[in-house]
Amino acid sequence: MDNLEALLHGFSIAISVQHILLMLLGVFLGIVVGVLPGLGAPNGVSLLLPLTFGMQPVSAIILLSSMYWGALFGGSVTSILFNIPGEPSSVATTFDGYPMARDGRPTTALATAFSSAAFGAFAGVVLITVAASWVASVALEFGPAEYFAVYLLAFASFVGMGGTPPVKTLVALAIGFAIAAIGIDTVSGSVRLTMGVDELVKGVNFVVAVMGLFGIGELLIAVEEEMHVRGVNSKVDWREVFRTVGNMPKYWWTLLRSTAIGCWMGITPGGPTAASFMSYGIAKRFSRNGANFGKGEPEGIIAPEAADHSAGTSALLPMLALGIPGSATAAVMMGGLMIWGLNPGPTLFVDQKDFVWGLIASMYLGNVVAVLMVLLTVPLFAALMRVPFFIIAPLIVVICTVGAYSVSNSYLDVMLMMGFGVVGYLFKKVQYPIAPLVLAIVIGDKAEDAFRQAMLLSGGSLRIFYANALVTTLVTVAIILLLVPLFLTMYSKVVRRS
Amino acid sequence: MSLTARYVAACGVSLLALTVGQAKADWKPTKSIEFVVTAGPGGGTDNFARAVQNVITKHKLIDQPIVVVNKPGGSGAEGYIYEKSQAGDPHKVVFGTSNAWQQPMVAKLAYNYTDLTPIAAMVQDEFLLWVKQDAPYKTAKDYVAAANAKAGGFKMGGAQSKDTDELLTRMISKEAGIKLVYVPFKGGGEAAVQLAGGHIDSNVNNPSESLGQWRGGTQRPLCVFNSKRLPKGDKITATESWSDVPTCVESGLNIPMFQQPRTVWLPSKVTPDQVTFYINLMKKVQEQPEWKEYVTHTSQTSTFIAGDEFAKFIKEDVERVHKIASEEGWLVSK
Amino acid sequence: MVSRRNLELITALLTGAFGVAVIISSTENGISWSEEGVGSGTFPFLTGLVILGGSIVNLVRGAVSEGGIALHAPEVKRWLGLFVPATLFVAFIPLLGLYVSTALYVFGSIAVHGVWSNVKAAAFAIAFAAAVYILFEWMFLVYLPHGWLGSLLGW
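Residue numbers (our numbering), protein chains in the order written: chain A, 1 to 498; chain B, 499 to 832; chain C, 833 to 987.
The hints are simulated quantities; they were obtained by calculation from the structure and are not laboratory data. Here a beta-carbon is modelled for each residue, glycine too, at the ideal position from N, C-alpha and C. It cannot be assumed that every hint is accurate.
Derived pair list, reagent style DSSO-like, types lysine-lysine, alpha-carbon separation capped at 30 Å [claimed, not checked]:
(1) K556(B) with K353(A)
(2) K672(B) with K733(B)
(3) K526(B) with K446(A)
(4) K582(B) with K630(B)
(5) K428(A) with K952(C)
Each pair of labels, with its calculated beta carbon distance range [claimed, not checked]:
(6) F286(A) with G586(B): 56 to 66 Å
(7) G986(C) with T164(A): 49 to 59 Å
(8) G104(A) with L846(C): 46 to 56 Å
Chain A on its own, in the form it takes in the complex (with noise of 0.2 Å):
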């Protein structure tokens, strides 16, 4: 029961009044750069960072890490409310999330996301509090080929669910393969699939692609339903977010299932996107509901939303414990431990233990701040979705182009988020799944690197993946989820054949 003792001192040193305001200051920063697509948690922790040149490392962590959680919810709001994912990790949530708002439940479905994440966050300080040797232990078995096999496993879990004509799945899958592996490639250095563009070598964000397939296309759909001078009809009422958060225990078992698969890509470090499009799939997979998923089912916000945010705080401990970031924001926050002096490593818990279980212990109180605040806006935020169609169109139109150029300063990305639009346009209207597009954007590239890694290691042998225990799991696993669905749908036309 060390630890416990450690975070019982851990608490007495966060635990203080400036501590606690500045909880407060960070988690309603990040809820402003959350909510705002193009600012995103990297950014705003980058920019209070000279802020905290001059403060303790436990205080000044405690405003970053504030930040943090606050962005993390933040993220959620513009996905449920317009369908913009501000993050990568919230774009599983716009899948039931929006189509729930757009129901006229914009605070029901808000109020889900944020208890959900919540319950994921919590597990997630849970874990590192009484895990944390065991946890960088285990990250150290990760070497390419099993990197891989976790990709692969998100892609299985999450690709083939059928609902969709397989050829155009495929399509966009490859799709989004090949727009991951525009620019430099990091296994040989050389330049790609720029297509005579220089600008291009950057290669394609995330946020851009987003932008544009999302927000953009979203609208383009929704202009042509009339609707254009009332807004959604929703009702600003408090005890709606209190029947929520009670209706949660309800879901019991999505939460632990999507919590455990968080925890577990947080650690390996699969990271908090894959995270939440795997628990997004499997959820649809083994659910009694999986059905009305895409619908605006409770359940398809639970299942990313609790995966994402146990993730991205189980993300935190490789970062703390090993020196490799599990998200962006946390490698900004590396940066900050560099110059305040620490060192990252595995015996930053030896060295600096007031720091470690201070941080541990605000990981606790600022998750508590955070909820309340923004459980506290939900009414507020639900009230957008009031404002009439012909009004806020065009200024999504103009925030969607905010953060697409801010992104990299660039003209470039704000052209390519056009184009985005029209493409999410038609692939929305012809039933092309945009889902695995966005996915395989995200994921793609580092896969790639992971299997020309473990080429590399072994000498052009795919031997290397049932080299060991671990990644001959992982890929059988993965294979075992690809082909299920094959057998069910075979199954099915068997039985009604006979």
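Assemble the complex: chain A is given as a structure, and chains B and C must be docked to it using the hints.
What follows is chains B and C alone, placed relative to chain A:
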């Protein structure tokens, strides 16, 4: 552009810098300054830019605010290409390494280092040969012997492809006559973790990239690629500090010197006073105690190469890299 | 009026063209799989083949499909009413800068509906552009384009 043309251009720039040195520094930034980092957050170049920002902000060396922007796309090319497009704007300062001139040689990019105005090289990062803690070899000589004995050679991890890490790997394998399979990762931190997990045999990380791992007992350095040992500093492990790491020549691997400069640039078409302003500013930065702390903390070597000297430095490095790159078949036709 | 079949064909042609571009572009990077590892063009080449092959299948299926009407005339009109101004807004950013374009675009989009008075719409549009300015350039130090007009005014 031919190589000679590049030299001429580089010399032109250095002449400019020379006249600059004598001109009076009248210019001052008139709006907020953007520090463009040609790497992702958390890496060596990012820490370098943020350390400079830290010193300037703390000592109020400029009145205008500084914003750090990461442009890591295309292994840093995104940042340089952006800088090229900002010609004439002295409020965009780009921070990089020797990849500013090395990368255009090995990849088809829409810029060359002659499209930028060099300000200074402020610090040299060191390279060490790292192996797993429980590896049997104690010296570079043992390492070479073991690599020779193993069929298929050793696996060497590193950051990026055809950049400094791979360059050094090729130099080692040539000097020692061993086969090294180079496996590129996104960054040095990842290469360190892969070594700790035993997925590769060695890497050539910078001190700051592997410090935590050494202290934590997952890996140790065999030798440093410098003609002198590193300064002593604090103890890293219970018994050892940086100065206990032998030079690679001492340890039986004849590569006397390999360093990576961290460099600062302005866009092209800036005026001489603007260049002087930044040269003086960076000099002032180096005099502050926080800068010294940063240098010691990351075990780099402080240096200040600007103006003429910097142009000569770049020219020599271009020649050296060009030779290795053409032997390896890395060069791209322009 | 736009038929569903036409939309299917347009999409398949677009994806097919992208597939061809990927295939051509990736052959420049070298396709190989040997002891030395996997060439950098290999996977893009394979994905290019998948895109092209899939597009051909979708094209054939689209051509023989019945489909019916996907968009009626009023829908097309509404669609263009959103898309054309948005494209113009983006196109005018390099010239007028983001803030002026935003104000004009928001004003135009709202005023054309006639629900709000022109004065109200103009006030709202200017306030929104100002809010974007304050939020991004002041609070978060993210600089958005000021355009040719901005540089003309020395901004």
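Here's how the hints hold up against the structure:
no., hint, result
1, K556(B) with K353(A), "28 Å, holds"
2, K672(B) with K733(B), "34 Å, violated"
3, K526(B) with K446(A), "44 Å, violated"
4, K582(B) with K630(B), "42 Å, violated"
5, K428(A) with K952(C), "35 Å, violated"
6, F286(A) with G586(B): 56 to 66 Å, "60 Å, holds"
7, G986(C) with T164(A): 49 to 59 Å, "54 Å, holds"
8, G104(A) with L846(C): 46 to 56 Å, "35 Å, violated"
Hints 2, 3, 4, 5 and 8, counting from the list given before, are not met by this structure.
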